[in-house]
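The residues making up each chain are set out below.
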Amino acid sequence: MADIAERSKLQAAMEPRGARPRHRFSRRNIFIYGTLILVAVYYLIPLYVMVVTSLKGMPEVRLGNIFSPPMEITFEPWVKAWSSACTGLNCDGLSRGFWNSVRITVPSVILSIAIASVNGYALANWRFKGADIFFTILIVGAFIPYQVMIYPIVILLREIGIYGSLSGLVLVHAIFGMPIMTLLFRNYFASVPEELFKAARVDGAGFWAIYLKIMLPMSLPIFVVAIILQTTGIWNDFLFGVVYTRPDTYPMTVQLNNIVNSVQGVKEYNVNMAATILTGLVPLIVYFVSGRLFVRGIAAGAVKG
Amino acid sequence: MTSVSIKDLSLEFGAVSVLKDLNLDVGDGEFLVLLGPSGCGKSTLLNCIAGLLDITDGQIFIKGKNVTWEEPKDRGIGMVFQSYALYPQMSVRGNLTFGLKNAGVPRDEIARRIERAANILQIEPLLDRRPGQLSGGQRQRVAIGRALVRDVDVFLFDEPLSNLDAKLRSELRVEIKRLHQQLANTMIYVTHDQIEALTLADRIAVMKGGLIQQLDEPLTIYNRPRNLFVASFIGSPAMNFIKGKIVEKDGTLVFRASELDISLASYEAQQRPASGHSVILGLRPEHITISDQPRPDGRSCAATVDLEEPMGADSLVWFKLAGKPVSVRVDSGRRYQPGEKVFLTFNPAMASLFDAETENRL
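Note that the protein sequences, when read in sequence, are chains A and B.
Take 82 as the starting number for the first sequence in my numbering and just add one per residue.
Take 306 as the starting number for the second sequence in my numbering and just add one per residue.
Worth double-checking, as some hints may not be accurate.
To be verified - Reference excerpt, derived from the structure (chain B facing chain A, CB under 8 angstroms, subset only):
(1) 355
(2) 357
(3) 378
(4) 381
(5) 382
(6) 384
(7) 386
(8) 388
(9) 392
(10) 393
(11) 396
(12) 403
(13) 404
(14) 407
(15) 408
Claimed, not checked - With a Cα cut of at most 25 angstroms, we get these calculated DMTMM-like pairs of lysine to aspartate or glutamate:
(16) A/294 / B/335
(17) B/406 / B/376
(18) B/548 / B/664
(19) A/294 / B/413
(20) B/482 / A/276
(21) B/378 / A/275
(22) A/210 / B/379
(23) B/325 / B/335
(24) B/629 / B/660
(25) A/210 / B/376
(26) A/294 / B/498
(27) B/513 / B/498
(28) A/210 / B/317
(29) B/378 / B/476
(30) A/210 / B/375
(31) A/210 / B/414
(32) B/513 / B/379
(33) B/550 / B/521
(34) A/294 / B/433
(35) B/378 / A/276
Claimed, not checked - Quick list of simulated restraints, FRET-style, between CB atoms:
(36) B/407 / A/220: 30 to 40 angstroms
(37) B/429 / A/220: 48 to 58 angstroms
(38) B/429 / A/213: 43 to 53 angstroms
(39) B/318 / A/195: 42 to 52 angstroms
(40) B/407 / A/121: 51 to 61 angstroms
Don't read these hints as lab results, they were simulated from the structure.
By construction, the Cβ of each residue, glycine as well, lies at the ideal position given by its N, Cα and C atoms.
With the sequences and hints as input, model every part of the structure.
Structural data, given as structure tokens:
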């Protein structure tokens, strides 16, 4: 009897039933994970070299083994990069540039997003006369190369009297962020059901009441996307920074360039690496903190255009 | 007394004319249904009444006041949308109070109106929930509540039940009807569902191509459709149409289509068609009867069963007459086999006769 039961159980095991068995080391898995690991390593090696080099002292750097881990870990290059590296005339490191960049980025991001979100809302929900033409011009604006406009803007800022000041650069960033930010917000607000907007109008809400009380609370994801895009974009900007500011108001990126490309004395690779990482830290942190929201916001805006 | 009055309303989007010289008077406390296929302009008309669309020409009066240029909030209307359109980040209470706060209604008045609306719609336990936590039926109830608290004369419904499943739809349909009896407000209700239209309406306006085809009480629309479109749009299963000619036989008019002769002696024609006129005869499936024996007066004709569709309470039996499929509604007690020979009798008093050219009722 037991024998028969055993056999029928065996037979049942042969028959396909339930979840399909998965092989961990199938050819497919090896290929997928192999590729992923390879690509990840390829992208991480430069970062690894930077971190490792920044933790070495100059004698060790001169040995030339860029892949070897530091024999003696030192944070000296980091301290120097932050507080005493020389950029042109000033020798107070990147700290000055960092605060300049903060003073540029924060108002630029707030200003550009505040204006662009209202723009996008007006374009998506209030079909005013000439809205289509306005939108077309805005989109074309996104495709004009910045270089063309650099000098005219220099003149413009000079005439207004804010050339070389931080507020001048903030204005430039806010303007250049406008086309893509408006497009982003317009597409998001266009995906909000129109009936919601109609219901609010029947309820007696006007332009600003609908924007502030109905649309804003619904659009956190797209605001996160906009903040990330603008923060990284403005923080990483070099061209506008070098053109529209003076040495004492240089943003961090320009200062970094000045440290790395300074010609006097020895090339301090460890300090350069530390300075580079410090400069890239802000966008990096922004991504890590809000990456999940970023993906959700992008997906939300992409559903309807 | 009229509650909503529309005079010579036209709406054009660029070169496209959506509504043409439309006139409509809705009585005080009347339940009017705008019915038609999608794209017929019924929702557009409702949006024009609400003031959500700017019209090209004409006038709109609500309670005798010309509101043509008024904002939606000043028109004395409340609106319920197909997708509920509840503000997702506000609680049910917040949704209900939003409009009242915008209008600057005092606090105790707001509380009183919300209590009343919640009581009527039985949504008291839901007041502190978010719309996302409600079922479809509850959401639509809240949406109706939002119109209710506005304390308005006219309610506009834009396909409010289309997003609900069949069972809930019939439940809420009854509730809306009860609500109308209780409040006695004027209601204008847009739908493409003829059952909703027939059950709810005091009057139905059947629309097509931006024009009102017929504006009548539900039974008149059903029994005496004014043209071929209304006849074919209303009724499920649909009306049978047979093309033929009018001939005169022994002083009475007879409808003739190939081998088929139907006497029109009992048909009340609005205008007596001339002999030889091309016409289309419309007969609803329930106005044809099946018998096993020919009638002694010779008014029945022989036919062969093509197909039987049992539908529960009754069955639909299909025949081919004059080359066209014709359906007959019968009691489901007796089954019919394909190929079975039976006799059909038509009830010309309940028939509709249309001019083949103008498609208007004769």
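Hint by hint, here is what the structure shows:
For residue 355 of chain B, the interface hint holds, since its Cβ comes within 8 angstroms of a Cβ in chain A; the closest pair sits about 6 angstroms apart. Contact between residue 357 of chain B and chain A, as hinted, is supported at the beta carbon level, the nearest pair being about 5 angstroms apart and thus within 8 angstroms. Proximity of residue 378 of chain B to chain A holds as hinted, the smallest CB-CB distance being about 3 angstroms (cut-off 8 angstroms). Interface restraint check: residue 381 of chain B against chain A, minimum CB-CB distance 11 angstroms, threshold 8 angstroms, status violated.
Restraint check, residue 382 of chain B versus chain A: the minimum CB separation of about 7 angstroms is within 8 angstroms; hint holds. Residue-level restraint check for residue 384 of chain B holds (minimum Cβ-Cβ distance to chain A is 5 angstroms; threshold 8 angstroms). The interface hint given for residue 386 of chain B is met, as the beta carbon of that residue sits about 4 angstroms from the closest beta carbon of chain A, less than 8 angstroms. A cut of 8 angstroms between beta carbons decides the hint on residue 388 of chain B: the least distance to chain A is about 5 angstroms, and the hint holds.
Annotation: interface hint on residue 392 of chain B holds; nearest CB of chain A at approximately 6 angstroms, less than 8 angstroms. Annotation: interface hint on residue 393 of chain B holds; nearest CB of chain A at approximately 6 angstroms, less than 8 angstroms. Evaluation of the residue 396 of chain B hint against chain A yields a violated restraint, the C-beta minimum of about 12 angstroms exceeding 8 angstroms. Proximity of residue 403 of chain B to chain A holds as hinted, the smallest CB-CB distance being about 5 angstroms (cut-off 8 angstroms).
Here the hint on residue 404 of chain B is kept, as its CB sits about 3 angstroms from the closest CB of chain A, short of 8 angstroms. The closest approach between the C-beta of residue 407 of chain B and any C-beta of chain A is roughly 4 angstroms, which is under the 8 angstroms cut-off, so the hint is satisfied. Because the closest C-beta pair between residue 408 of chain B and chain A is about 5 angstroms apart, less than 8 angstroms, the hint holds. For a cut-off of 25 angstroms, the pair hint linking residue 294 of chain A to residue 335 of chain B is broken: about 35 angstroms separates their Cα positions.
Between residue 406 of chain B and residue 376 of chain B the alpha-carbon distance is near 17 angstroms, which keeps this suggested pair within the 25 angstroms criterion. A C-alpha spacing of about 12 angstroms is found between residue 548 of chain B and residue 664 of chain B, which places the hinted pair at or below 25 angstroms, so the restraint holds. Under the criterion of a C-alpha separation no larger than 25 angstroms, the hint pairing residue 294 of chain A with residue 413 of chain B is consistent with the structure, at around 22 angstroms. The straight-line distance between the Cα atoms of residue 482 of chain B and residue 276 of chain A is roughly 24 angstroms, inside the 25 angstroms bound, and the hint therefore holds.
Between the alpha carbons of residue 378 of chain B and residue 275 of chain A the distance comes to roughly 17 angstroms, so the proposed pair stays at or under 25 angstroms and holds. In summary, the hint linking residue 210 of chain A to residue 379 of chain B is supported, as the alpha carbons are separated by about 24 angstroms, within the 25 angstroms threshold. Distance check on the hinted pair: residue 325 of chain B and residue 335 of chain B sit about 24 angstroms apart at the alpha-carbon level, within 25 angstroms; holds. Restraint check for residue 629 of chain B and residue 660 of chain B: the C-alpha separation of about 18 angstroms stays at or below 25 angstroms, so the hint holds.
For the hint linking residue 210 of chain A to residue 376 of chain B, the alpha-carbon distance of about 18 angstroms falls within 25 angstroms, and the restraint holds. For the suggested pair residue 294 of chain A and residue 498 of chain B, the alpha carbons sit about 35 angstroms apart, so the restraint of at most 25 angstroms is broken. Proximity of residue 513 of chain B to residue 498 of chain B is assessed by CA-CA distance (about 14 angstroms); at most 25 angstroms being required, the pair is judged to hold. The straight-line distance between the Cα atoms of residue 210 of chain A and residue 317 of chain B is roughly 16 angstroms, inside the 25 angstroms bound, and the hint therefore holds.
With a CA separation close to 30 angstroms, the supplied pair residue 378 of chain B and residue 476 of chain B exceeds the 25 angstroms bound. Proximity of residue 210 of chain A to residue 375 of chain B is assessed by CA-CA distance (about 20 angstroms); at most 25 angstroms being required, the pair is judged to hold. Among the hinted pairs, residue 210 of chain A with residue 414 of chain B is inconsistent with the structure: their alpha-carbon atoms are about 40 angstroms apart, more than 25 angstroms. Our distance criterion of 25 angstroms between C-alpha atoms is broken by residue 513 of chain B and residue 379 of chain B, whose separation comes to about 30 angstroms.
As the CA atoms of residue 550 of chain B and residue 521 of chain B are separated by approximately 29 angstroms, the hinted pair breaks the 25 angstroms bound. Under the criterion of a C-alpha separation no larger than 25 angstroms, the hint pairing residue 294 of chain A with residue 433 of chain B is consistent with the structure, at around 18 angstroms. With a CA separation close to 15 angstroms, the supplied pair residue 378 of chain B and residue 276 of chain A stays within the 25 angstroms bound. A C-beta distance of roughly 34 angstroms is found between residue 407 of chain B and residue 220 of chain A, which places it inside the suggested range of 30 to 40 angstroms.
Checked against the given bound of 48 to 58 angstroms, the beta carbons of residue 429 of chain B and residue 220 of chain A, roughly 50 angstroms apart, stay inside it. Evaluation of the 43 to 53 angstroms hint for residue 429 of chain B and residue 213 of chain A yields a pass: the beta carbon distance comes to about 47 angstroms. For residue 318 of chain B paired with residue 195 of chain A, a C-beta distance near 33 angstroms fails the hint of 42 to 52 angstroms. A beta carbon spacing of about 54 angstroms between residue 407 of chain B and residue 121 of chain A agrees with the range 51 to 61 angstroms that was offered as a hint.
The structure is inconsistent with the numbered hints 4, 11, 16, 26, 29, 31, 32, 33, 39, although it conforms to all the rest.
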